[in-house]
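**Student:** Residue-level listing of the chains:
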Amino acid sequence: MARRGRDDDDDEVEEEEDEEEAYDLYDDEEEDEEDDYEEEARRGKASRGKGGGGGGGRKRSREDNFIDDSAIEDDDEDDDDDGGGARPKKKGGGGVRGFFDEEAQVDEDEEEEDDGEGEDDFINDAGADIPDEDAVRGSRRHSIPMRDEEEDIDEIERQVRERYARSSHIEYGEEAAEVEQQALLPSVKDPKLWMVKCAIGHERETAICLMQKFIDRSDLQIKSVVALDHLKNYIYVEAEKEAHVKEACKGLRNIYASAKITLVPIKEMADVLSVESKSVDLSRDSWVRMKLGIYKGDLAKVVDVDNVRQRVDVKLIPRIDLQALASKLEGREVVKKKAFVPPPRFFNIDEAREMHIRVERRRDKESGEYFEWVDNLKFKDGFLYKSVSTKSIHTNNIQPTFDELEKFRKPGDDMNGDMASLSTLFANRKKGHFMKGDAVIVIKGDLKNLEGWVEKVEDETVHIRPKISDLPKTLAFNEKELCKYFKPGDHVKVISGVQEGATGMVVKVEGHVLIILSDTTKEHIRVFADHVVESSEITTGITRIGDYELHDLVLLDNLSFGVIIRVETEAFQVLKGVPDRPEVVLVKLREIKNKIDRRTSAKDRSNNIISAKDVVRVVEGASRGKQGPVEHIHKGILFIYDRHHLEHAGFICAKAQSCLLVGGSNGGRQGNGMDSADARLGALRSPASILQSPGRLPPRGPQMNYGGRYGGGRGGRGYDALVGKCIKIKSGPYKGYRGRVKEVTGALVRVELDSLMKIVTVKRDDIADTPTVATPFREPRYSLGGETPMHPSRTPHHAYQTPMRDPGATPIHDGMRTPMRSRAWAPMSPPRDNWEDGNPATWSSSPAYQPGTPPARPYEAPTPGSGWANTPGVSFNDAPTPRENYANAPSPYVPSTPVGQPMTPNSASYLPGTPGGQPMTPGNVGMDIMSPIIGGEGEATWLLPDVLVNVLRGGDDGPGVVREVLGDGSCRVALGSSGNGDMVTVLPTELEVIRPKKSDRIKILNGNFRGYTGKLIGIDGSDGIVKLDDTYEVKILDMVILAKLAT
Amino acid sequence: MDSLSQPPSKRPLSSSATDFREVSLASPPAADDEGERSKMFFHIVLERNMQLHPRHFGPHLRDKLVSKLIKDVEGTCSGRHGFVVAITGVEDVGKGLIREGTGYVTFPVKYQCVVFRPFKGEILEAVVTMVNKMGFFAEAGPVQIFVSNHLIPDDMEFQSGDVPNYTTSDGSVKIQKESEVRLKIIGTRVDATEIFCIGTIKDDFLGVISDPGAAV
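Protein chains in written order, with the numbering used here: chain E, 521 to 1567; chain U, 17 to 232.
The following block holds chain E by itself, in its conformation from the complex:
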């Protein structure tokens, strides 16, 4: 606080005295310069009023000083004048003089100065600012030596004595007792402090204005004005009454007339003016960062701190454009390129001399060290020494990186000797930095280099047990005096810094820097001892970002692929799948398309089948002789892990053809591609056979088709429980879409969108499972008939939803069938158990209920017609709702007809011989076409002859016309848009239906008009308006199920 400030001043004074003498001893050689300074100073002062360049600058700086001081020093001065009495603040002073002691004095000085001599008082402060402005550096201290050419030493001595005799600092040499301090506190009798709102940013200005007003008008009854730097929008005014404050503020531009004036409670008054001493402990050798200018962000080392003037001398790596500097010195116009910031580089005198830059070598007055001076810049050993304000540097949380420190470290400099520079690093230590048992070394003080182990930690004090036995059992140290200590061979883990998370063994200890051999990369890492802990853990640091993990095989953006060999903070290092030469790329997360997780196999040189985990030896190419288990196979490229291979995390990329299998294949049992395909096919067929086996389905033609398509449609999917499920995508670009899971690979899911007829890959987290079970799983259920009613009762939901969205594929069939099924169920809903028992009696009696049980089918009621329109019975086509449907039904059995059709297995078995069972026949024609869809969730199932398609097979790309759909789902396609090219057999997955445009001839691929041809007469969003050829009916159908007909 004020008092502390005083003490500082005191010290300062003494210092000045000391130094003054010191300067006298070696000042001779610098006399010339100082002459100049002095001259300039005087000239500046003389021309002050005229606004000369130097004078202007000075004035500004004076003003700064002045304002800074106005709050605190003002107080002090008062106290000085009045002695340590019981807070007689300003009471005696009064008038202008009392208000602004310093200002008044300075003014006096000014005059005196102009006269050429006089009392040397505060003017020294002002004078000192001139070199500061002009010559970058300079300090209060210099002002004294400057004088000594004119006045002899005795004179100065006299002056100084006079000066200090005059000021009453001495009185404050001793600390005032606590009681005295207390006595200074404001009481009720003292003037009050009022807080006045003013324009933001104009606090100082307002204070000055008030000052001016006070000077101009003697009737103002305010005592003082305080503007605090840290308080925006307010100033404090000291006055007896609020009215006085109002009076004073009246007419001030920056204080609104309506501004509220609040009283500061007596208790808080002292706080207003107490200066919070910043705990920033800037000491020599600590690291700071520059805040402004071209050095912004640069690391600097503190070489000297001047707490009083709040300036710091720092050492930086200069960013100097010598060329520009040379031009400037020669007086040429320098084109200022704003964007260009010269890179940091050590200053080289010879280089500068070559460019004809004058480099002077001078001794610094303060330290006695020699510096090179160039255009007022001070260099030493290539570093730039610069005096900056404490405000223009960052002092907190400086984490110099390794590179930066290395740069600062001159060759031959020992890190150990640089101990103090670590103090900044220590300041950033986390809490609980030291733990019991840590090996530490003392780095400061008498016991420097003492080793020991941490016994106890209490806040900042660490008790250690020294290694040397003669010493007391425990010694207490400040945390900052200790540093962790490691020996070569220790296994450590990095816990902060760039390498965070890595583990390794200490190879070498260089002062406080450890060189660690990373466990995984077998590379050297340099870290600070402070950043590591001893650990037996072995990690690589982070091993995954997003869905990708170390050693995953990934597909990159540009369709190349590779293995992740290293995970960095925001990117992966990927060893690309390019044989012959290792190619490592750094990829960002978004550049990775997906993980390749397919189990494939490849053939080696002698046509053995290699699968993952097989051990192979590379027999040709760059990595010949390497041997190891195969980690990944993709497109005939093997990624082999060789423990002895130290680059690329041990991964070698080689062509399968240039490798030889060593020993037997592990993968043999799993079967190669063919085998597994067979197995899958077998597995896929089985449900089909289940469908048929119960014999519930009348053995009819389409069956074969059915089974075949089924198999074809579902080849090679994953086996996750999710597969085949109907899901909704809840986030990501496809948010809101529904679809069916085709495949699950790790955290990714391939989803066939219902509405877009395309398969997209989404994250597993992005999908929400709808409670519906999708068709493939329902298949057997139908065939098994009497199942738990829960499912059917749920299906309608699904059934009614899906048709609306996707009349394209299977859902149609759901929509078509399930409602009917539910209709069948619906009447039974009360006695469901009976149904489960498969009691035909109940069932057969049910038709009687059917018409009368609409409430039992609550989900049917809201159905839009789409599902119903699809019912096979022609008679139902026009029926918009089920109810009407029933109303139209002439006989109780009729409604059961459609029921029977789609559900053939069920109904057939449950209604043997009933008329309801048999009448399927008429509808069967439709059903035959439909039935394949039951199994077909694949996009290929609904291909029909004469449809125009795009063949997406390598070599045969282009349009084609489907001539024939084979039993296994593949098609014979005649290439060419008119179908006059070669005939090829193409898998359904390699075909893409060509979407028709308006007025194209079309064929309906799905729904109950499947096979019908027509003309697309219009498109409405995702619906197409189709005029059927046969009936000339106009239908609105989803575009997805329309295919262009070959002309």
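It is worth saying that the hints were derived from the structure and are not from the lab. Some hints here could point you the wrong way.
[What the hints assert, rightly or not] Derived DMTMM-like pairs: lysine to aspartate or glutamate, alpha-carbon spacing no greater than 25 Å straight-line:
id	chain 1	residue 1	chain 2	residue 2
1	E	K1028	U	D220
2	E	K1042	U	D170
3	E	K1146	U	D219
4	U	K149	E	D1100
5	E	K1278	E	D1077
6	E	K1042	E	D1162
7	E	K1042	U	D171
8	E	K968	E	E978
9	E	K1028	U	D207
10	U	K190	E	E1167
11	E	K1146	U	E196
12	E	K1042	U	D88
13	E	K1248	E	D1286
14	E	K761	E	E725
15	U	K218	E	D1039
16	U	K149	E	E1043
[Unchecked claim] Where chain E lies over chain U, by a calculated footprint (3+ residues, C-beta under 8 Å):
id	stretch
17	158-167
18	194-206
Being a predicted model, the structure only gives us computed values, none of them experimental. Glycine included, C-beta positions come from ideal geometry on N, C-alpha and C.
Model the placement of chain U on the given structure of chain E, informed by the hints.
**Tutor:** Same frame as chain E, now just chain U:
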């Protein structure tokens, strides 16, 4: 593949490094302090539960058990005991317990074996397997040792090229692949299946002991 899967017996440990310095029945002691006599081989008794298929039940059951034990154990590494170099005898085969469901029988077997466990501060000889700019890797039997370039005498410099090596400035000493070096272990990392050491040759009496280049 993993060199550990090969029984060390088939791959002779390099020259004199394999001397049996001491055979003790005690478990490996804690890391020796430097200067003490180093012990890296230990003769200890271990126990293991062996599962045997019923088809082996018969007059040669014990033989089968022992051969299976040897097959299973020799050449493996356990973090605690180090590499099992050889089984020297079977002390005791306990009563077998038939596993329900599988028919396998579990025998607790006590066996004596020689284990190899390097410790910090020990000196051993190893064959250089790879040289790179960061240092070189050497193998002493199943143990892989890395000697960082910081732990190679300062006068030896890395020479890249066809045969990367570390050579002294006068060219008199050269470390390259297949060189035999004597080194001191300064750190070990032991995990379940592997022991990895870092060593130094920056000390008295350490360094190359036989140079393949010189021999030719």
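**Student:** Taking the numbered hints from earlier one at a time, note which ones the structure violates and give those numbers from smallest to largest.
**Tutor:** Structure breaks hints 3 and 12.
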